[in-house]
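Peer 1: These protein sequence lines are chains Y and B, in that order. Heads up, the first sequence is in the working numbering, so the first residue is 1 and it goes up one at a time. Heads up, the second sequence is in the working numbering, so the first residue is 1 and it goes up one at a time.
Since the hints were made in silico from the structure, they are not lab data. Virtual Cβ for every residue (Gly too), placed ideally from N, Cα, C. None of the hints are false.
Calculated pairs, DSBU-like style, for lysine-lysine (alpha carbon to alpha carbon, straight line, at most 35 Å): (1) B:K341 <-> B:K298; (2) Y:K324 <-> Y:K155; (3) Y:K324 <-> B:K167; (4) Y:K323 <-> B:K167.
Here chain Y is said to cover these stretches of chain B; the calculated rule only asks that three of the stretch's residues, wherever they fall, bring their Cβ under 8 Å from a Cβ of chain Y: (5) 109–118; (6) 147–160.
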Amino acid sequence: MSQPSRMPSRSRISWKSILLFLSILGPGIITANVGNDASGITTYSLAGARFGYGFLWLLVPLTIALIFIQEMAARMGAVTGRGLAQLIRETYGVRITLLIMAGLVITNIANTIAEFAGIAAATEIVGVSRFISVPLAALAVWLLVTKGNYNKVEKVFLVACTFYIVYYFAAFLAHPIWPEVAKAAVVPKITITAPYLLMFIALVGTTIAPWMQFYLQSSIVEKGIDMRKYRYSRWDVIIGSIITDITAFFIVVVCAATLFKAGIPVETASDVALSLAPIAGQYAAWLFAFGLFNAAMFAAVVLPLSTTYYVCEAFGWESGLNKKIRDAPFFYSFFTIMILIGAAFVLIPNIHLIQLMVISQAVNGVLLPLVLVAMLFLVNNRSLMGQHVNPAWLNLAAWAFIGIIIVASLLLGLVTLFPESAEYIATAIM
Amino acid sequence: MAGKDHVRQIRRMLEDIEDTEKASHVLYLSSILGTRVFDERARHLGRIKDIAIDPVGGFPKAVAVIVKKWFLRRRTLSWEGFDLGEFPQRLVVHAPLPLSQLPRNCVFVGDKILDQQLVDTNGIKIIRANDVAFIPIHNTLFLASISIGLKGLLRRIGLNTDGWSMKENLVPWAYVEPLEGKFRDIKLKISESRLGDIHPADFADLLEKLAREQRLSLFRNLSNRYASRILDEADAEVRMSLVSEIPQRRLVHIFTLMYEGNVADILLSLPEAKRRELLVLMGPAEARHFQLLMSCNKESAGRFMTRKFITVLPQDSAREIIRKIQASDPPRVLHAVYVVKHDLTLVGTISLRNLLISPSGDPASKLLKKKLVYVRKSAHKNVVYSMMAKYDLTSIPVVDRKHRIIGVINVEDLLKERVYVPAKQDAEQV
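Here chain Y stands alone, though its shape is the one from the complex (with noise of 0.2 Å):
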């Protein structure tokens, strides 16, 4: 082999290569469908029931970076052998460290609180108390990290991820007006309002949220992909996308064919589930709420998971599902403490969880395009990853999207706070 082939060879596809394929499988996929967590699913829905059709559009380039900066996370790690808190605390040093772990930190520990509130919320539509299912699935989460390797643990997140199914049943069940959803869905509309702006924001920062970047690459890394199955990776992340973002496509369907048809303002995700019920049936609210346990349970597990991953590479500590707990003590107490206070929360009394949210979004926003720089600019250093590097293209459309990003950023800042001038810039644009 003189020439490593970036591309899989499309020559032959033999029964080995399929059987490697499948025993690659698992980061790509896994990481993508966790985008789809409690907030994400509360996230897509709103879409749907405030704009209807109106972001489906939208959808689809997203499904495009997904996969451009998944892939350049999975490149990496499979070059380096090192996860992505790893390379900035050795490349940037610690104070850029120390700013995104807590940035990572915060918003992490938020949407940790905001799965468990996903897990009580879908609990109580079928009528179980919070006070017994949280500390019950807060056990298993712990259970399951702790008691596991990385292979069984991989497996159960794999069959979690075929879960997600149930949206396309539901989505099906609401009976949507399918050339009205194809034609959505490719002819893009959009509108300079501070709404629009914020829940354009929310779902770039739902699907490409920063985590999932530092989740992928580690992950890769524990698992052992190096070059040589790499090419198997790619395909893996591939595939995880553009199944994740079917599955938010069909949420936002759902949504729209419903509650944006009927009218009904909704606020959580638990709202849609209930909500539903009357317009689509009964058994879409269940598949809903189904749905959303599955999804928030997954998410539960994963997001303390990659916390824990990335503090200990950032600090140095022995970390993986792989190690022993005396080996890896800070792995193991980090994770611990970070499902106890997820759990915790949710079961204090009175307790609002919207402000919280709020500012997750916001340090999330600030959080993801500062990530992605640093992400660039480390795979395209060739000390570390030599002939790896991104091609120009690749670059160009990278560079391309965080501009985009921010721009959108800067538009909602100065939208929220001189209502006015949005006018000006939509006829600016136009």
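Fit chain B to the known structure of chain Y by using the hints.
Peer 2: Quick look at chain B alone, frame taken from chain Y:
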């Protein structure tokens, strides 16, 4: 010798590191990086970006500095000519010496050591290098240790931690082994292969810096021979703390390899019960010998003599004597062989020089030194020293009342003692 002097100074400084009061002796990389550099005409050359060391020896020296001005001008200067006088405000360099070629094997501290992963000998990740401590002596910088504590981390984000009561957590450079390879993990070498490179005297100093647990685990891995040399070199306090921690059987084995005067000192400072246990473990001959040593006055010849010497008979030929030396378990120090009759009465001394230059057929009686010099075990050490000085001896036999040889005093063992030399003798030497 200047080198020896440096080592002694460094040792003193190393002791100071623990002492936060005197922390001004230590310069941290975090404070050096970014310092402005001026030439002697006060022209600004740029800021320090990195420092290169020559990683040879226990305390590597800084050899080169990367100075960067604005964005692009980056220069490599030799450390020669750098003046630490005005640090930390600025660094002045007399006659900047640009280096077109860096010394071979030199290591950039900021790039290759700072923020890198420390792993133990089993490859388990421990922590990252948060800072690097240098010791300045005159205008030379010596790398002393790696800071792995919170204090180093806080300094890195720009906090001024001087005078904080927080403990600086340092790993002496002697324990550190940069791993070669594509990436730059640093190994904490607690492996014997590299420990062998450190002189036992330096090692004994380093042992003092360690916590009891670390010291024990380190000592456990040493060979008995190396351990015996460390016990010989360590000062009384460290020596006794080590002795109390070594299992008795091993201790007895180590004793047989040590300088006997030291063993006598150790035995004498142990509690009666423990001393008796050790003597029993030693076996009768050994025990009798040490009891003799202990019975001698602390300042007398009997305490400095060793019974590890080689005796020959008057009729042995030079060839036979050499063969006898080769066949014996050679003593740690060997200056001469002693000619005795069958009843061990001393006949004379043969220096190794005479042995080597004489015809191999000559009998021992022909090779003897002209003057037979000896001392009694009760002789004061000052007398022994004077006799050695007067007759240019490197060793001197000790005899009992019946003129039988019972031991030998080597100059090395006497040198460690504070000997009073009368002024008259001093004058004679010059």
